[in-house]
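Chemist: Required output: the full structure, derived from the provided sequences and hints.
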Amino acid sequence: MKIVTWNVNSVKARRERLLAFLARHQPDVVCLQELKLEDAAFPSLEVKAAGYDAVTFGQKTYNGVAILSRLPMSDVVRGMGDDVDDPQSRLIAATIEGVRVISAYMPNGGEITSDKWSYKLAWLARMRAHLDRNYKPETPLALCGDWNVTVDDKDVAKPAEWKDSVLCHPDARAALEHIRAFGLVDTFRTHHPDGGIWSWWDYRMLSFPKGDGLRIDHIFATPALASRSTAAVVDRDERKGKLPSDHAPVMVTFSD
DNA sequence: ATGGTCGCACCGCGA
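The opening position of the first sequence corresponds to residue 2 in my numbering, with each subsequent residue numbered one higher.
The hints are simulated quantities; they were obtained by calculation from the structure and are not laboratory data.
Don't take every hint at face value.
Unchecked claim - Pairs of lysine to any residue, SDA-like flavour, derived with a Cα cap of 25 Å: (1) K117 <-> P44; (2) K241 <-> P210; (3) K241 <-> G197; (4) K13 <-> D84; (5) K3 <-> T254; (6) K3 <-> R181; (7) K159 <-> R240; (8) K159 <-> T62; (9) K211 <-> V78; (10) K243 <-> N64; (11) K13 <-> K61; (12) K241 <-> S228; (13) K164 <-> G196; (14) K13 <-> V78; (15) K159 <-> D84; (16) K37 <-> R237; (17) K211 <-> K137; (18) K3 <-> L132; (19) K241 <-> L38; (20) K61 <-> D84; (21) K164 <-> R174; (22) K13 <-> L23; (23) K61 <-> E98; (24) K243 <-> S208; (25) K159 <-> D236; (26) K137 <-> K155; (27) K159 <-> H193; (28) K117 <-> R181; (29) K3 <-> P44; (30) K37 <-> K137; (31) K155 <-> L23; (32) K211 <-> G196; (33) K243 <-> L207; (34) K3 <-> V56; (35) K155 <-> E98; (36) K37 <-> R205; (37) K159 <-> K241; (38) K164 <-> N109; (39) K211 <-> L168.
Modeler: So this is what it looks like as structure tokens:
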């Protein structure tokens, strides 16, 4: 099973690229983030013609997540399912061939001094509570998405320049570690222990040609699933050419 | 070359 996570930064803007990506890689499961459209506007027919069912949790203008799958999906759940009244569509889950797949768009956090920063930390804490409430570490589970957090400085091309950012802040990394401590493995890092591979480059400041990248898109899995991972890659071609997303797809392959 | 981006929606916000 080949699982992809990709922040497409608008499905409408990335429609052609998304369809070409599916045709080129033929992944089994694709977790999408930042759809930036409502469910009714999702191009389900075109995605179906490419061979994929889609479940979506959209929102007008901002956020929005989806899971595409060539294999049947069941037990679809949208949102965190806690007692927080949160209008932001950031989480969707489905079961595919016995694997619980979650597509998550973790909050960016704006500036350290902003309300968005406290929302980010609270959201990450809610994510851990959501795992505790709904799953066991023994469950084959993949938590995929744009985490908006680097694991450590091996995920940062220029650590000194990003040291105080919301993507690298110690509190954000601690929140990520707390989620990981549920019992998750960073499946990409398993295959690239030295780091140095990025998934996101800011549109601004010529970040991509300068190589100023970070790895903030992750596929974390419970050991029952992580032990089956055989390869992990980033498709940097998706950050090139016409109308690229600022994120490149992260792909991890699991044996049957 | 000493700056420099997108997407959405229509003004400035979010990233």
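Chemist: None of the hints should be skipped; say for each whether it holds.
Modeler: Hints versus structure:
1. K117 <-> P44: Violated - the C-alpha atoms of P44 and K117 are around 30 Å apart, more than 25 Å.
2. K241 <-> P210: 10 Å, holds
3. K241 <-> G197: 19 Å, holds
4. K13 <-> D84: Measuring from Cα to Cα gives roughly 32 Å; hence the hint is violated.
5. K3 <-> T254: It holds: about 4 Å lies between the C-alpha atoms, which stays within 25 Å.
6. K3 <-> R181: It holds: about 21 Å lies between the C-alpha atoms, which stays within 25 Å.
7. K159 <-> R240: The given pair, whose Cα atoms are some 19 Å apart, holds under the 25 Å limit.
8. K159 <-> T62: This hinted pair is violated, its Cα atoms lying about 31 Å apart.
9. K211 <-> V78: 40 Å, violated
10. K243 <-> N64: Holds: K243 and N64 sit about 23 Å apart, inside 25 Å.
11. K13 <-> K61: Holds - the C-alpha atoms of K61 and K13 are around 12 Å apart, at most 25 Å.
12. K241 <-> S228: Violated, at about 32 Å.
13. K164 <-> G196: 17 Å, holds
14. K13 <-> V78: 24 Å, holds
15. K159 <-> D84: Between K159 and D84 the Cα gap is close to 39 Å, so the pair fails against 25 Å, i.e. violated.
16. K37 <-> R237: Roughly 22 Å separates the two Cα atoms, so the pair holds.
17. K211 <-> K137: 42 Å, violated
18. K3 <-> L132: Holds, at roughly 23 Å.
19. K241 <-> L38: 24 Å, holds
20. K61 <-> D84: 23 Å, holds
21. K164 <-> R174: Given that 25 Å is the threshold and the Cα spacing comes to 12 Å, the pair holds.
22. K13 <-> L23: OK: K13 and L23 at ~16 Å, within 25 Å.
23. K61 <-> E98: Measuring from Cα to Cα gives roughly 31 Å; hence the hint is violated.
24. K243 <-> S208: 16 Å, holds
25. K159 <-> D236: 21 Å, holds
26. K137 <-> K155: With a Cα-Cα distance of about 29 Å, the restraint between K137 and K155 is violated, given a limit of 25 Å.
27. K159 <-> H193: Status holds; Cα separation ~18 Å.
28. K117 <-> R181: 22 Å, holds
29. K3 <-> P44: 22 Å, holds
30. K37 <-> K137: With a Cα-Cα distance of about 32 Å, the restraint between K37 and K137 is violated, given a limit of 25 Å.
31. K155 <-> L23: Given that 25 Å is the threshold and the Cα spacing comes to 29 Å, the pair is violated.
32. K211 <-> G196: 18 Å, holds
33. K243 <-> L207: 15 Å, holds
34. K3 <-> V56: Roughly 18 Å separates the two Cα atoms, so the pair holds.
35. K155 <-> E98: 33 Å, violated
36. K37 <-> R205: 20 Å, holds
37. K159 <-> K241: 21 Å, holds
38. K164 <-> N109: 15 Å, holds
39. K211 <-> L168: Since the Cα atoms of K211 and L168 sit roughly 19 Å apart, the hinted pair holds (cutoff 25 Å).
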